[in-house]
Amino acid sequence: MENLHQNKSFWSKYVFSTDHKTIGTQYMIMGMIMAGVGGYLAYVFRYNLAFPGKSIPFYGMLGPQAYNAFVTIHGMIMVFWVGMPVLLSALGNYLIPIMIGSDDMAFPTVNMLSFWIFAVSALVLIASFFVPGGAFGGGWTMYPPFSAQGYVNHNPNFFTALFSGTSLLILAVALELVAMLMGGINFLVTTINKRAKGMTPWRIPVIIWFINIAAVIFMFSVGPLVAGAFMLLFDNVLGTGFYDPHRGGDPMLWEHLFWFFGHPEVYVLLLPSLGVLAEIVPVFSRKPLFAYKTVIYLALLSAFLSVLVWAHHQFVAGIDPRMATFFSIGTILISIPFAGIFLSYMATLWGGSIRMKLPMLWAIGFIGLFLVGGLTGLFLGSNTFDIYAHDTYFVVAHFHYTLFPDIFFGFFAAFYYWFPKFTGKELNAKLGKWHFWLTFIFFNGVFFLLFFNGLAGQHRRINDYSSFSLISREPYQTFEQIATVCAIGLMLSQFIFLYNFITSFRKGKKAVKNPWESTTLEWQSDSPPPHGNFNPYPEVHRGAYDYSLPEAKEDFTPQNVPNVN
Amino acid sequence: MTIFPENVSTYGQEIDNLFWLILVFAAIAFFISLFVLLYPLIKYSSKNGKRAEYITGEKRKHYKWITYALVALLLSDFVILYVEHDTWGNIESVPAISKNDVHVGIIARQWNWIFVYPGPDGVLGTRDDVVIDSMNSSLHVPINANVIFELRSTDVIHSFFLANARLKQDALPGRTVMRWFNITKPGKYDISCTQICGILHSKMRNYVLAETPEQYKHFTDSLYNANKVVTSSK
Amino acid sequence: METQQNHLTIPIIKIPQGRLGMWVLIAGELVIFGGLICFYLLNRIRYPHWGDMAAHTNTFIGALNTVVLLVSSYTVVRAHQAALKMDVAKVRLWLSCTLLGGILFLVDKSIEYAHEISEGFTFTSPKLVAAGDHVGSLFWSYYYIMTGLHGAHVLAGMTVMLIILIQTRKGKNMHRVELAGMYWHMVDLIWIFLFPLLYIAK
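These protein sequence lines are chains B, C and Y, in that order. Note that my numbering has the first sequence beginning at 1, numbered continuously upward. Note that my numbering has the second sequence beginning at 1, numbered continuously upward. Note that my numbering has the third sequence beginning at 1, numbered continuously upward.
Worth flagging that the hints you see were computed from the coordinates, not collected in a lab. These numbers were taken from a predicted model, which means no experiment stands behind them. Mixed in with the good hints, there may be bad ones.
Taking lysine-lysine and the DSS-like style, the derived pairs with C-alpha atoms no more than 30 Å apart in a straight line are [what the hints assert, rightly or not]:
| no. | chain 1 | residue 1 | chain 2 | residue 2 |
| --- | --- | --- | --- | --- |
| 1 | C | 50 | B | 357 |
| 2 | C | 50 | B | 433 |
| 3 | C | 61 | B | 553 |
| 4 | C | 43 | B | 433 |
| 5 | B | 513 | C | 50 |
| 6 | B | 425 | C | 47 |
| 7 | C | 47 | B | 433 |
| 8 | C | 185 | C | 203 |
| 9 | C | 47 | B | 510 |
| 10 | B | 553 | C | 47 |
| 11 | B | 430 | C | 217 |
| 12 | C | 47 | B | 513 |
| 13 | B | 553 | C | 59 |
So these bits of chain B aren't anywhere near chain Y, every CB distance computed over 10 Å [said to hold, decoys possible]:
| no. | residue |
| --- | --- |
| 14 | 11 |
| 15 | 140 |
| 16 | 162 |
| 17 | 502 |
| 18 | 506 |
| 19 | 511 |
| 20 | 517 |
Every residue, glycine too, gets a C-beta built ideally from N, C-alpha and C.
Construct the entire structure; sequences and hints are all you get.
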């Protein structure tokens, strides 16, 4: 039925397309553009930190208000406009239908609408820089009453308050959440309903499981925040007092709401890239994923625990000390399922026949870096040490060591792995290796030393440390400068990727159908897959990870092969 | 170069010790994991030409290794929790009030710290309280005494951070939080705000001046004398 | 190609696509309202005089609206029954009844809002704030945001039903009657929670 689209005009084929592959690509491109914006913001404020008071090349002087706004929007963009669209939406849209052997999503039109709402939300966010007063500068957590002062402090005029940086930011986030909710509904319905014949639950590849678990976590944690965001917006533009302590409201309510969503959100971002690893590690080890069912049960367990840990962001916020102990226990408990998942990936390596191709390199880099991020989480999960480390650079370094590998290494692993499938072309492996090693080294250069800055008591979101005798001394300023130089190097190395992407896309070598000799369904389709994905539609006869079956001649047995011999 | 700033409070050492304890656990876990991750890349490289083994990980003899690792992780987690629990209770609960204690009020405002001294009667919230609201005035406290403070905020959320005492506490408008510290060494220590609070967030700095009891007595006496007018209106 | 498509249109789990999607959507919506109800209850526990303001809500209109919504839920079930039998005339009759119920609900609500606003109880209630009754003002903020969001859902449900009413004229898209019905039941269910919270418990 959808095949009519084949002959449609440019607009309906590439812009307002309902094809899941096109929408996935749109999300990916949009996420990459936003990553560029977020990276530019990071460059500006990192330069300011290393050389305070100096004019910044390609920007100029950075005042404290702009600094605060840049830090805030950098965080917002990287989580909501890069992590979410690239990991959840792009991978989900592209991979779910094709990996379960289907033609498209369950609701293609809703899918298209979801992307365009997302695009509008990105525009609203960018627009917030250009309203009087500039973008919101109170941290990505948007704690009221600071974020609820549009009405009280500035101008009790509806339109002035509505077109302020704060209101536009809240609006942009709300729109983005709606877009992701629509996507999430689509993912769940597609996976439940549109699987190919024989694709029973225990034959679904891990990444599809994980994206769906992420969608469920997202749906169940975001609801209260959507309501809460509207309340914050009304506080801003209409002057209600939901979060105003002088009017009977409670700013702590927002903290709980925000983190009730905000912490599960971390797992929403983490699970899809863990899924990417679960696809890549077995393929390049030529070995079945270690304890497939256990991995999925662990992810379900972590989904359950994820809504029980949020207040560990509020250990010093004045919550009840006994409650903090409860959340501290929850936090260390949730390390168990994730440690289990990572251990299963490592166990997959043992006894394999490992091919160190590019996607595998990114996957191993991911695990290595995430190890640092995860283990530094032990310090912060302990409520007592968190009294000291909270809101210092230790936290900054910690979550960059988790989210950077998660978003970027996860994405690049997926990109290098599926690029031949997306485009039918091969990437330049040599440039890819340069890209990996430069990214890996520069990333460590940016964030490793910042752990020490944090332990020295350097706190976050300060544009100028000269007031603080304790931390404006050596070697911490040198560490900041090293971090900044590495950050610039990190951003420049992404141009290698961009160059590789564009040249390989235009005149790369033609890729074969299944270059990595993988078992999952998407590789059994053509490269690039045609509209409708399969012809004929596959029937599934086995699990997703039948590598090196003892009775098989080849060391991989695709899911749609009925008999081994 | 030391990793932490100098510790001057009674409980700061416990937090530093906790850091080293967790670091030991984390380092052991890190190096074992790194070995488990990197060793097979060489040992089981496809260049050796050996076909991979078919291990699904569903047999007990295979998955027991993961179980051991997870149990070890869980145990070390609980060791950390057990060790830290007393410190947490110690810092977060205000000690029983004794005669040597000093009560002060700390009020955060965009963008400075306001200090409230209890006046000659030593009790906060009475009419002889002296409020000092100036960028140039630090919080004077005596050493070796429990300083119990009431933390408030007048506008947005701030956070009181005394790095040398390893103490941090958010100041929320509409709430009063009681916390305490006990500084053992005279000196001048940074107070900073660690919750982003607006344009001059990075200038929201003041000091704690820890003095000997005699110096402190001298300071409060002169402060209360200068504010006699307020006192007499009692 | 056609035969291949056919094999795909038979899902493994025999839940029609639309129904499954609607269930997921309802789950998401319930969490939003669940959040709001939780905040409301937290405030109620926190402030002993919270219920004082609930005395000013019009219990009669609230009860009337409850009955209206319950009846319209019944009519939409009849519409669904008729849709299963492909009885176009009956479907259109019962759907129209449900739409009428929705309109009645909104009219009632508007009368109620108008009355409350004339007494000075608005979204921000400047009168109460001036009198220093911040808790009262907060109650009305919650009242308006909860009933307002619910009203928006009523309106959305009615829009959907209107579209389906037009589509069913030629007997098309009869399965969508059930989806609209499911959504309408959710709207009804949420009201069942809002009514005692905002009107009865004083």
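These are the hints, each one checked on the structure:
Between residue 50 of chain C and residue 357 of chain B the CA atoms are separated by roughly 17 Å; this keeps the pair inside 30 Å, and the hint holds. At most 30 Å may separate the alpha-carbon atoms for a hinted pair to count; residue 50 of chain C and residue 433 of chain B meet this at roughly 25 Å. Among the hinted pairs, residue 61 of chain C with residue 553 of chain B is consistent with the structure: their alpha-carbon atoms are about 26 Å apart, no more than 30 Å. Pair hint residue 43 of chain C plus residue 433 of chain B holds up; C-alpha atoms about 22 Å apart against a cutoff of 30 Å.
This hinted pair checks out: residue 513 of chain B and residue 50 of chain C have alpha carbons roughly 25 Å apart, not beyond 30 Å. With a CA separation close to 26 Å, the supplied pair residue 425 of chain B and residue 47 of chain C stays within the 30 Å bound. Only pairs whose Cα atoms come within 30 Å are accepted, and residue 47 of chain C paired with residue 433 of chain B is accepted, the gap being roughly 19 Å. Taking the CA atoms of residue 185 of chain C and residue 203 of chain C, the gap is near 26 Å; set against the 30 Å cutoff, the hint holds.
Between residue 47 of chain C and residue 510 of chain B, the direct Cα distance comes to roughly 26 Å. Compliance with the 30 Å bound is thereby established for this hinted pair. In summary, the hint linking residue 553 of chain B to residue 47 of chain C is supported, as the alpha carbons are separated by about 19 Å, within the 30 Å threshold. Proposed proximity of residue 430 of chain B and residue 217 of chain C is contradicted: the alpha carbons are some 73 Å apart, above 30 Å. Distance hint between residue 47 of chain C and residue 513 of chain B is fulfilled; the C-alpha atoms sit about 24 Å from each other, no more than 30 Å.
About 24 Å separates the Cα atoms of residue 553 of chain B and residue 59 of chain C, which keeps this hinted pair within 30 Å; it holds. Annotated as non-interface, residue 11 of chain B keeps its C-beta farther than 10 Å from every C-beta of chain Y; the closest such distance is 25 Å. The Cβ of residue 140 of chain B lies farther than 10 Å from every Cβ of chain Y, with a closest approach of about 20 Å, so its non-interface assignment holds. Distance check for residue 162 of chain B against chain Y: the nearest CB is about 15 Å away, which clears 10 Å, and the non-interface claim stands.
Chain Y leaves residue 502 of chain B outside its interface by the beta-carbon criterion, the shortest separation being 34 Å against a cut-off of 10 Å. Its beta-carbon lying about 31 Å from the closest one in chain Y, residue 506 of chain B satisfies the requirement of being farther than 10 Å from that chain. Residue-level check passed: residue 511 of chain B sits 25 Å from the nearest beta carbon of chain Y, beyond 10 Å. Consistency note on residue 517 of chain B: stated as away from chain Y, and its beta-carbon is indeed over 10 Å from all of that chain's, at 26 Å minimum.
This entry does not satisfy hint 11, going by the numbered hints stated previously; all others are met.
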